[in-house]
Amino acid sequence: MNILSAVLFSLFFLGIIGVVINRLHLLSLLLCLELLLVSLFLNISTWSQIHDELVYLNFSILLLTFSACEASAGLALMVSLSRSHNTDLLANINLLQT
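If you're matching positions, the sequence shown starts at 185 in my numbering and goes up one per residue.
Among the hints, erroneous ones may be present.
To be verified - FRET-style restraints, in silico, Cβ to Cβ:
id	residue 1	residue 2	range
1	M262	Q233	32 to 42 Å
2	S266	H235	36 to 46 Å
3	T230	I200	14 to 24 Å
4	L208	L241	28 to 38 Å
It should be emphasised that the hints constitute simulated quantities derived from the structure, not laboratory data.
Every value quoted in this text rests on a predicted model; they were computed, and no experiment measured them.
Where is the CB? At the ideal position from N, CA and C, for every residue including glycine.
Using the sequences and the hints, build the whole thing.
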């Protein structure tokens, strides 16, 4: 395993740890999810380039597109929840309450 792969895998596990720890604010949770998806994109891209398999580059482009859609939907959800509940704390948001 070279240094680049070790750094990218550590970024992935840092994102997982961030999701587990930062469940208080919605914005920090979205940033950790974005770190997870970007590190997966970089892992797949470098893996396909190292092994000369260009088929997996399509998967990385699809994952990057999914990441952009997730970010836009998450930010729209955050704006909507912060306007309706006046906070971005996940513990204070009860979606069953009107």
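Note whether the CB distance of L208 and L241 lies within 28 to 38 Å or breaks it.
37 Å, holds
Status of the given 32 to 42 Å range, CB of Q233 versus CB of M262
With a Cβ separation near 35 Å, M262 and Q233 satisfy 32 to 42 Å, so the hint holds.
Hint check for I200 and T230 - Cβ pair distance inside 14 to 24 Å:
19 Å, holds
H235 and S266 - C-beta distance against the hinted 36 to 46 Å
44 Å, holds
In the structure shown, no violation is registered for any of the earlier numbered hints.
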